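Chemist: In order, the protein sequence lines correspond to chains A and B. The first sequence: position 93 = 93 (this note's numbering), numbered continuously. The second sequence: position 101 = 101 (this note's numbering), numbered continuously.
No wet-lab data here; the hints were simulated from the structure. Accuracy of the hints is not assured; some may be wrong.
[Said to hold, decoys possible] Residues from chain A that keep clear of chain B, each with C-beta distances beyond 12 Å, as calculated: (1) Pro192; (2) Gly203; (3) Phe226.
[Claimed, not checked] To give an idea of the chain B side of the interface with chain A (calculated C-beta under 8 Å), a few residues: (4) Leu132; (5) Leu149; (6) Ile150; (7) Glu157; (8) Gly197; (9) Pro200; (10) Leu243; (11) Trp256; (12) Thr357; (13) Asn359; (14) Leu382; (15) Phe383; (16) Gly408; (17) Ile414.
These numbers come from a predicted model, not from an experiment. By construction, the Cβ of each residue, glycine as well, lies at the ideal position given by its N, Cα and C atoms.
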Amino acid sequence: MSTTTVDQTRGLARPAPAARATFFRAMRGDSSFKRLLIHLTLIVSCAISAYPILRIVSVALRPGDRLLSTSLAIIPDDASLNSFTHVVNETDFPLWIWNSLIITITTATIGVILAATSAYAFSRWKFPGRSFGLVFLLATQMIPAAMLLVPIFIVSTQLGLTNSYRGLILAFSVTTVPFSVWILKGYYDTIPIDLEEAAKIDGASQLQAFVKILLPLSTPALAIVFLFNFMTAWNDFMLPRVMIGSATQLHVWTLGLQHFQDQFRTSWGDFAAASIMISIPVMALFLYSSKWLISGLTLGSVKG
Amino acid sequence: MDKLTPALFGNSLQQILSTVLIIVLAIITLEVSLYLAWLLAERLDRALHKQAALIGYVIQIGAFAAVFLGALAVASSVLDSLDFKALLKPVESDLMRGLYLWAALSAIFVVPLVSLAGGVISLLRLQRQPSLRMVYLLLAPAAVGLGVLIVYPIFYEFRLAFSNMSLRNFKVFEYSLEHGLNNLTLLFTEPVLKQVGFFPVLLRTVIWTAVNVSLHVAGGIGLALLLNRPMRGRGLYRTLLVLPWAIPQVIAVLAWRGEFHYQYGFVNLILQGLGLEPVKWLTDPLWNFVGMIIVNVWLGIPFMMVILLGGLQSIAGEYYEAAEIDGASARQQFTNITLPLLRPVLTPVIVLGTIWTFNNFNVPFLINQNELETSDILVTALFRSAFEYNRYGFAAMFAFVTFLILLGFSLIYIWRSGGLRGAYE
Numbered sequence: 001m002s003t004t005t006v007d008q009t010r011g012l013a014r015p016a017p018a019a020r021a022t023f024f025r026a027m028r029g030d031s032s033f034k035r036l037l038i039h040l041t042l043i044v045s046c047a048i049s050a051y052p053i054l055r056i057v058s059v060a061l062r063p064g065d066r067l068l069s070t071s072l073a074i075i076p077d078d079a080s081l082n083s084f085t086h087v088v089n090e091t092d093f094p095l096w097i098w099n100s101l102i103i104t105i106t107t108a109t110i111g112v113i114l115a116a117t118s119a120y121a122f123s124r125w126k127f128p129g130r131s132f133g134l135v136f137l138l139a140t141q142m143i144p145a146a147m148l149l150v151p152i153f154i155v156s157t158q159l160g161l162t163n164s165y166r167g168l169i170l171a172f173s174v175t176t177v178p179f180s181v182w183i184l185k186g187y188y189d190t191i192p193i194d195l196e197e198a199a200k201i202d203g204a205s206q207l208q209a210f211v212k213i214l215l216p217l218s219t220p221a222l223a224i225v226f227l228f229n230f231m232t233a234w235n236d237f238m239l240p241r242v243m244i245g246s247a248t249q250l251h252v253w254t255l256g257l258q259h260f261q262d263q264f265r266t267s268w269g270d271f272a273a274a275s276i277m278i279s280i281p282v283m284a285l286f287l288y289s290s291k292w293l294i295s296g297l298t299l300g301s302v303k304g
Numbered sequence: 001m002d003k004l005t006p007a008l009f010g011n012s013l014q015q016i017l018s019t020v021l022i023i024v025l026a027i028i029t030l031e032v033s034l035y036l037a038w039l040l041a042e043r044l045d046r047a048l049h050k051q052a053a054l055i056g057y058v059i060q061i062g063a064f065a066a067v068f069l070g071a072l073a074v075a076s077s078v079l080d081s082l083d084f085k086a087l088l089k090p091v092e093s094d095l096m097r098g099l100y101l102w103a104a105l106s107a108i109f110v111v112p113l114v115s116l117a118g119g120v121i122s123l124l125r126l127q128r129q130p131s132l133r134m135v136y137l138l139l140a141p142a143a144v145g146l147g148v149l150i151v152y153p154i155f156y157e158f159r160l161a162f163s164n165m166s167l168r169n170f171k172v173f174e175y176s177l178e179h180g181l182n183n184l185t186l187l188f189t190e191p192v193l194k195q196v197g198f199f200p201v202l203l204r205t206v207i208w209t210a211v212n213v214s215l216h217v218a219g220g221i222g223l224a225l226l227l228n229r230p231m232r233g234r235g236l237y238r239t240l241l242v243l244p245w246a247i248p249q250v251i252a253v254l255a256w257r258g259e260f261h262y263q264y265g266f267v268n269l270i271l272q273g274l275g276l277e278p279v280k281w282l283t284d285p286l287w288n289f290v291g292m293i294i295v296n297v298w299l300g301i302p303f304m305m306v307i308l309l310g311g312l313q314s315i316a317g318e319y320y321e322a323a324e325i326d327g328a329s330a331r332q333q334f335t336n337i338t339l340p341l342l343r344p345v346l347t348p349v350i351v352l353g354t355i356w357t358f359n360n361f362n363v364p365f366l367i368n369q370n371e372l373e374t375s376d377i378l379v380t381a382l383f384r385s386a387f388e389y390n391r392y393g394f395a396a397m398f399a400f401v402t403f404l405i406l407l408g409f410s411l412i413y414i415w416r417s418g419g420l421r422g423a424y425e
């Protein structure tokens with residue numbers, strides 16, 4: 001029984017009609033007291049999940065002379081944007097963002113290229129070692145990153161790759177490849193092979209069929225995989241800390257933000273303002289792309 | 001202070017470009033040598049019948065080598081002509097050193113690699129299926145990348161576990177069974193950092209994982225059940241509830257750490273507002289650990305909720321209709337319909353959640369402001385023993401034991417629950 005239908009033009013999972021029927025059945029018999037209770041629980045949960053984030057906004061808006069306050073209000077009475085201008089003009093914040101941007105864009109691009117080509121092989125051919133390869137990719141997800149850190153750090157030190165962009169980019173570029181291959185393989189599987197066959201009859205080579213037929217059709221999945229790679233590298237703390245921890249001119253924002261708190265003179269307003277400037281684009285991207293990511297995640301597991 | 005000056009800007013761009021160039025060149029080398037190997041295998045096969053083919057093979061290798069060296073010459077002259085020198089001298093020489101290193105390495109390795117791979121292909125008779133040539137060319141870059149950065153480090157680490165490597169003997173260290181056994185004994189008898197031994201940390205990690213995963217799943221199922229119905233404001237609730245997952249984890253954890261401040265953090269302010277005593281979240285061992293769990297539960301519930309909501313929506317309504325006709329109560333419907341039908345989603349998510357929580361680094365590392373050893377879980381203790389105490393050989397053994405524990409758990413869980421079966425096909 002298939003529980004998800006796949007839209008061929010976009011290839012993304014949608015709930016089957018039967019599932020939608022459950023959904024609309026559920027609330028019919030509920031009493032108004034039960035509904036009130038449900039709404040109350042949800043409102044309390046939302047407050048718990050959103051309040052700590054709103055607190056960051058509130059700290060960022062406080063004027064410099066009263067960062068430490070016992071008020072619980074979200075928008076302080078004398079709100080000011082001083083922290084924002086201070087972070088942009090007086091700290092290394094622009095440098096961190098620049099470093100993060102170039103490192104993550106490079107690694108995400110390399111990761112997508114590696115994953116796109118190998119997923120094509122896994123999707124279109126039966127070859128010796130195929131199922132071993134797929135299981136191996138799954139198994140790599142189980143390896144603790146902290147375990148690989150020690151050997152990667154030592155080998156990089158011996159090769160002189162620590163405290164350079166190069167070492168970090170190399171180490172980052174393959175970490176998300178296994179997951180990306182799974183997502184892309186699942187997506188390629190939904191695109192009929194007939195399209196490539198037709199192109200080949202018209203004289204295209206296998207490579208041309210891949211680049212000119214399959215890749216353009218997979219743009220949404222490629223974009224999602226790029227985003228996922230981007231987010232993983234963008235938000236990582238542990239690997240940069242080990243690889244470029246002592247080269248301050250290479251620091252990415254995760255290391256930089258920790259500086260704000262490391263000092264005994266905690267730059268609380270700077271931290272909050274920087275956090276907001278980083279979080280808003282990332283959260284917007286995440287909320288926009290999360291449903292596609294999840295459909296990719298569950299595509300394989302709920303097909304039973 | 002390191003301002004983003006134009007010189008720094010140009011310097012970093014140049015470093016990135018040179019890195020990309022090296023990766024591209026490496027991939028080209030790999031693909032070309034693999035292709036050559038394939039041709040070699042075909043030639044070898046035919047040469048058994050027709051020795052003359054060997055001459056063709058030599059010519060082909062020569063042609064490829066010429067193209068390859070030509071491309072290298074062009075690349076290096078182009079790079080040389082760009083005026084990077086004005087920016088920073090050492091990096092410029094670093095780039096050229098990298099290029100020469102790459103040229104030398106590929107020159108040394110291509111011929112043996114080609115012959116080796118060609119021999120393997122020929123032996124496995126893969127050349128009988130010409131379409132497979134494409135498969136291995138497509139897979140090669142990712143396979144080499146994963147091999148160099150995941151498989152090789154695992155072996156290297158296993159070797160390292162049998163060494164006495166530390167900061168003091170970083171260059172001069174030795175491998176021996178004795179050192180391995182020594183590391184192993186130290187791990188189980190001595191404190192892993194300064195005060196706390198291995199087993200208390202293991203126990204704390206198990207508690208950390210069990211409490212977190214059960215609260216994640218319970219919270220996730222609860223919220224998913226509440227949201228799995230048509231109602232006003234459903235989209236808004238869902239978006240607000242997903243926020244902790246959407247915000248970059250480092251920011252969320254650092255913000256929480258700030259909010260655990262004794263006097264000004266909102267957690268204590270709320271506790272005081274409720275008439276309770278404020279809590280020393282950052283210095284008291286027990287409360288620091290509780291704080292870690294609070295943060296991680298807050299962070300982890302949204303993922304479970306979203307995944308399980310997807311699972312709930314895929315359960316067909318007919319089951320519930322049939323159950324209602326038979327007079328089943330809401331609780332019976334939950335235990336007899338919802339839970340069993342959620343299993344295919346629940347099992348992999350629990351395994352993943354356990355692995356993620358067990359390996360969680362950001363929360364325990366960043367919340368623990370005063371480096372309390374009583375708040376370390378295995379992964380952070382391992383990190384500190386390697387990168388703060390610089391006992392690399394010991395840390396490698398520590399990591400290896402930790403990995404075995406996790407692997408053992410995952411295998412038992414997957415085997416017992418029959419999960420992941422059919423996850424790939």
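Chemist: Confirm or reject each hint.
Modeler: To see whether the hints hold, each was checked on the structure:
1. Pro192: Answer for Pro192(A): holds, closest chain B Cβ roughly 18 Å.
2. Gly203: Answer for Gly203(A): holds, closest chain B Cβ roughly 17 Å.
3. Phe226: Consistent with the label, Phe226(A) stays out of reach of chain B, its closest Cβ about 16 Å off (over 12 Å).
4. Leu132: Interface hint status for Leu132(B): holds (5 Å vs cutoff 8 Å).
5. Leu149: Because about 5 Å separates Leu149(B) from the closest Cβ in chain A, which is inside the 8 Å limit, the hint holds.
6. Ile150: Cβ of Ile150(B) sits 6 Å from chain A, so the hint holds.
7. Glu157: This hint holds: Glu157(B) lies near chain A, its Cβ roughly 4 Å from the closest one there, short of 8 Å.
8. Gly197: violated (19 Å)
9. Pro200: Cβ of Pro200(B) sits 19 Å from chain A, so the hint is violated.
10. Leu243: holds (5 Å)
11. Trp256: holds (6 Å)
12. Thr357: violated (11 Å)
13. Asn359: holds (4 Å)
14. Leu382: Holds - the Cβ of Leu382(B) comes within 8 Å of chain A, reaching about 6 Å at its closest.
15. Phe383: With a closest approach of 5 Å, the Phe383(B) hint holds.
16. Gly408: violated (11 Å)
17. Ile414: violated (10 Å)
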